[in-house]
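Trainee: The residues making up each chain are set out below.
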Amino acid sequence: MGRAKWHRKTTHRPAKTIGRRGFLKVLAIAPLYAALGNVGIAHGETRQYGKLVDTERCIGCKRCMSACKRWNGLKVDRYELITDREIDLSANNWVVVNLRIDAKNRSRKTYEHWACQHCIRPACAGVCPVKAITKLPGGPVVINENKCIGCRYCFQACPFKVPRFDFERRVTRKCHMCYNRTPLLNYMKPACVAACPVGALRFDYKHSIIKEAERRVHRRGGSSYIMGLTEAGGTDMLTILPTIPQDLGFVVAPNKVVNQNLDKIRISATGIMAASVIAGAMYLYAEKTRDHDKEIHERED
Amino acid sequence: MNEKINKGLQYALAELEGSPRFYIWISALAAMALLAGYALLASIVLSMEILEFSIQIPWATMVSAYAWLVVAGSGLCIINGFGPVFGLHRYEMMTKRIAFLSVTSIIFGLNYILLHLGHPERAVIYSTISPNLRSAIAWMGALYNVYLVIVVVEFWLLVRSDLAQRAEQCEGLKRTIYSLLSLKKLDDSRLGRFLNESFIGRLLYDPRVERVLNDPRLPRFFGTLAFITGVAALTMLGSVFAHTESRALWYGSYYPVYFLISALFTGYALLLTVTIISYRFQGDVMHPQVRDLIIEMSQVLAFLLAVGFALTAYRIGTSLYDPFRQAPVMLLLTGPFSIGFWVFEVGFMSVIPAFIFVWASMKKNLGGVLLGSVMVLIGAFVMRYEFIVAGQVYPNIKEGLSTYLPTMMEVLIIIGVFGVFLMVYTLGEKFLPLKEGELPQGPQENSKVLFLSN
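If you read the sequences in order, they're chains E and U. Here the working numbering is used: the first residue of the first sequence is 1, the next is one more, and so on. Here the working numbering is used: the first residue of the second sequence is 1, the next is one more, and so on.
With the rest of the complex left out, here is chain E:
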């Protein structure tokens, strides 16, 4: 028995080589992985950063808006910073704060802090024809303004309707989570987070942001909703809302990755199939009416 054990231990089996069968398995699985790889596991990365917005703490002072404008050199319209008038995102408003009223409980009012949600699988980056939009390893989704051609396809693809066209620079612009301000390891926060006087905004590693959001929701009795955990397949900006976003009039994205590659392939493949059907119909038409050519000749003769 002991001898057998010893024998098993000393048998030489090279562990790191791959046999023919293993190679074929890898070959079969690789394309499947490449195709399905974009489904991804949301919030899986540990070195990713995220922004937490606690709308129940927000007092609507709009200091985040002015800090954003100051840091990024955006134009200021003085009325938009002092009124409760509804403000839309624009090339000069990368972050907006708007008052929202719960449709089911009109007495409940909430301030919405709205900006790019920094999707984990951004649809905008998937449709940009020149790869001007990238998801940086730390989390921010950033538009390279020196590369953007101004086609606005990102606006059409974004499930949150965020990227806006700048008519002066002729490029699309949006929040970039102050990636240029944040040498993230030095732990500097984005301008809006640093400016918030009541701690409604928070910037940290993604996993601790999620923990913090859950802790706050739990402390308030669990009736709040955390937006961004499942929307558009998960986003790097989480928002704690007193109720579901639909009631507050938020832009609601589907709870799945938007514009998946497989889906795009499926749609285009339908077109190609239809094209082959049309080519078949044309062939049939040509075959059926080929005699017509001859008839014309006979008539000519």
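No lab work stands behind these hints, which were simulated from the structure alone. Worth double-checking, as some hints may not be accurate.
[Claimed, not checked] Listed below are the simulated BS3-like cross-link pairs for lysine-lysine, each with C-alpha atoms no more than 30 Å apart in a straight line:
{"#": "1", "chain 1": "U", "residue 1": "Lys398", "chain 2": "E", "residue 2": "Lys256"}
{"#": "2", "chain 1": "E", "residue 1": "Lys147", "chain 2": "E", "residue 2": "Lys161"}
{"#": "3", "chain 1": "E", "residue 1": "Lys131", "chain 2": "E", "residue 2": "Lys104"}
{"#": "4", "chain 1": "U", "residue 1": "Lys430", "chain 2": "U", "residue 2": "Lys364"}
{"#": "5", "chain 1": "U", "residue 1": "Lys184", "chain 2": "U", "residue 2": "Lys363"}
{"#": "6", "chain 1": "U", "residue 1": "Lys398", "chain 2": "E", "residue 2": "Lys161"}
{"#": "7", "chain 1": "E", "residue 1": "Lys147", "chain 2": "E", "residue 2": "Lys135"}
{"#": "8", "chain 1": "E", "residue 1": "Lys131", "chain 2": "E", "residue 2": "Lys264"}
{"#": "9", "chain 1": "E", "residue 1": "Lys109", "chain 2": "E", "residue 2": "Lys131"}
{"#": "10", "chain 1": "E", "residue 1": "Lys161", "chain 2": "E", "residue 2": "Lys104"}
{"#": "11", "chain 1": "E", "residue 1": "Lys288", "chain 2": "U", "residue 2": "Lys430"}
{"#": "12", "chain 1": "U", "residue 1": "Lys398", "chain 2": "E", "residue 2": "Lys75"}
{"#": "13", "chain 1": "E", "residue 1": "Lys75", "chain 2": "E", "residue 2": "Lys211"}
{"#": "14", "chain 1": "E", "residue 1": "Lys104", "chain 2": "E", "residue 2": "Lys75"}
{"#": "15", "chain 1": "E", "residue 1": "Lys109", "chain 2": "U", "residue 2": "Lys398"}
{"#": "16", "chain 1": "U", "residue 1": "Lys364", "chain 2": "E", "residue 2": "Lys264"}
{"#": "17", "chain 1": "E", "residue 1": "Lys104", "chain 2": "U", "residue 2": "Lys398"}
{"#": "18", "chain 1": "U", "residue 1": "Lys435", "chain 2": "E", "residue 2": "Lys288"}
{"#": "19", "chain 1": "E", "residue 1": "Lys104", "chain 2": "E", "residue 2": "Lys211"}
{"#": "20", "chain 1": "E", "residue 1": "Lys109", "chain 2": "E", "residue 2": "Lys211"}
{"#": "21", "chain 1": "E", "residue 1": "Lys161", "chain 2": "E", "residue 2": "Lys264"}
{"#": "22", "chain 1": "U", "residue 1": "Lys185", "chain 2": "E", "residue 2": "Lys69"}
{"#": "23", "chain 1": "U", "residue 1": "Lys174", "chain 2": "U", "residue 2": "Lys185"}
{"#": "24", "chain 1": "E", "residue 1": "Lys109", "chain 2": "E", "residue 2": "Lys135"}
{"#": "25", "chain 1": "U", "residue 1": "Lys364", "chain 2": "E", "residue 2": "Lys288"}
Knowing the structure of chain E, use the given hints to seat chain U on it.
Mentor: Same frame as chain E, now just chain U:
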């Protein structure tokens, strides 16, 4: 020097004198182009904002015009497939006209989108050096570029011998231009000899044809390639809209299919309109075979309109029961776009012209065909506009806008670019051999010398 200029001027005036209509037509088109130039300059000097009627609807008139013209051009590419790919000889009479019309309409259609871009110059650079293979726009741009190159080569191979003949008949500047265009010296050059002796030359060797470039199979080969790339490019154009999951009206497998069908009927309509008008404009008598073909085409067009209408009805019917798509479809049926939908898309683009075509083909009336084709083109433009604008209104603007009409500057640019397109086509009609010849002799036995027999 002065004498030379005078001679040139006199020559040009003598050319134009014979046809005052031509002169008036070109001047009108030039005026349209000037207006577009003004609008473009204003958009550069002031702001690009004057080319948009709402920031919430970034794709509006220019993109609609682009889709309209480019899809019609791609439809011509599919129609051109009847000749080289499926071997219908009566369609080959019109190959040159179809190829030229397809190239010009796609080039000027692409101009609409270039003018709509914030930085067209970057589009040229970065779509070459860092294209995003996951983006439908990148595929569409690349495929249309490849398609254009292939069709230009096909067209050149088709008209080469005609150009050489014209060069011999003309004198002076015209002769130089024609011989340059036909590249007559290429045959005896090193490159020509190399082509003859190369792999392609040996593959295509045919004792009846002296040189590879004169081989009638070559334009057919390019025609087949053009058919494949054109259809692929058109599918990608449909996919640009169909991929966007955030736009309920656009998203799904339907639009790549509908773009193919609508390309066919708008392509036929454009071809019939241009052909009939150019014959009437020049006062030429149409060959009976061409006339028969046009009547046949109008019958096919009526059938295609019916197919398109059936597809639309299917889409609308299924969308009414789809909670995801119901709201944008109701915008078309009963909302602010209802006039455009019922009057233009259903009336102008589907029902009325179908009846007109049936009547015209029974009476063999070309005027009826022309009327129906123009109606289809107008209806198709409104259809594209509504599809693109309504697709963005539903999720973007909750309360709706008071009007969805384009701004004056947009209209000027659209008219201007279309004017330049017509101008280039008219010049092509005048100076290039586009006119339909007789049907090539004997569909079966003599097909090899098809393109040399002009």
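Trainee: It remains to establish, for every hint, whether it holds in the given structure.
Mentor: Structure-based check of all given hints:
The suggested pairing of Lys398 of chain U with Lys256 of chain E holds, with an alpha-carbon distance near 24 Å, which does not exceed 30 Å. A C-alpha spacing of about 21 Å is found between Lys147 of chain E and Lys161 of chain E, which places the hinted pair at or below 30 Å, so the restraint holds. Taking the CA atoms of Lys131 of chain E and Lys104 of chain E, the gap is about 42 Å. The hint is violated against a cut of 30 Å. This hinted pair checks out: Lys430 of chain U and Lys364 of chain U have alpha carbons roughly 27 Å apart, not beyond 30 Å.
Taken as a hint, the Lys184 of chain U and Lys363 of chain U pair is broken in the structure, with Cα atoms around 46 Å apart against an allowance of 30 Å. A C-alpha spacing of about 13 Å is found between Lys398 of chain U and Lys161 of chain E, which places the hinted pair at or below 30 Å, so the restraint holds. For the proposed pair Lys147 of chain E and Lys135 of chain E, the alpha carbon gap of about 15 Å is at most 30 Å, so the pair holds. In summary, the hint linking Lys131 of chain E to Lys264 of chain E is supported, as the alpha carbons are separated by about 17 Å, within the 30 Å threshold.
At most 30 Å may separate the alpha-carbon atoms for a hinted pair to count; Lys109 of chain E and Lys131 of chain E exceed this at roughly 40 Å. Between Lys161 of chain E and Lys104 of chain E the alpha-carbon distance is near 25 Å, which keeps this suggested pair within the 30 Å criterion. For the suggested pair Lys288 of chain E and Lys430 of chain U, the alpha carbons sit about 36 Å apart, so the restraint of at most 30 Å is broken. Among the hinted pairs, Lys398 of chain U with Lys75 of chain E is consistent with the structure: their alpha-carbon atoms are about 27 Å apart, no more than 30 Å.
Of the pairs offered as hints, the one joining Lys75 of chain E and Lys211 of chain E is violated, with about 36 Å between alpha carbons and a cut-off of 30 Å exceeded. Pair hint Lys104 of chain E plus Lys75 of chain E does not hold up; C-alpha atoms about 36 Å apart against a cutoff of 30 Å. For the given pair, Lys109 of chain E sits about 20 Å from Lys398 of chain U by alpha-carbon distance, which is consistent with the 30 Å threshold. Pair hint Lys364 of chain U plus Lys264 of chain E does not hold up; C-alpha atoms about 46 Å apart against a cutoff of 30 Å.
A threshold of 30 Å between alpha carbons decides the hint, and for Lys104 of chain E with Lys398 of chain U the separation of about 19 Å falls inside it, so the pair holds. The hinted pair formed by Lys435 of chain U and Lys288 of chain E meets the criterion: a straight-line CA distance of about 27 Å does not exceed 30 Å. Distance hint between Lys104 of chain E and Lys211 of chain E is fulfilled; the C-alpha atoms sit about 29 Å from each other, no more than 30 Å. Note on Lys109 of chain E and Lys211 of chain E: the hinted pairing holds, with a Cα-Cα distance of about 26 Å set against a maximum of 30 Å.
Distance hint between Lys161 of chain E and Lys264 of chain E is fulfilled; the C-alpha atoms sit about 20 Å from each other, no more than 30 Å. Proposed proximity of Lys185 of chain U and Lys69 of chain E is contradicted: the alpha carbons are some 64 Å apart, above 30 Å. With a C-alpha separation of about 17 Å, the suggested pairing of Lys174 of chain U with Lys185 of chain U holds against the 30 Å cut-off. The straight-line distance between the Cα atoms of Lys109 of chain E and Lys135 of chain E is roughly 34 Å, outside the 30 Å bound, and the hint therefore fails.
Straight-line distance between C-alpha atoms of Lys364 of chain U and Lys288 of chain E comes to about 22 Å, which keeps the hinted pair within the 30 Å bound.
In this structure, the earlier hints numbered 3, 5, 9, 11, 13, 14, 16, 22, 24 are contradicted, and the remaining ones agree with it.
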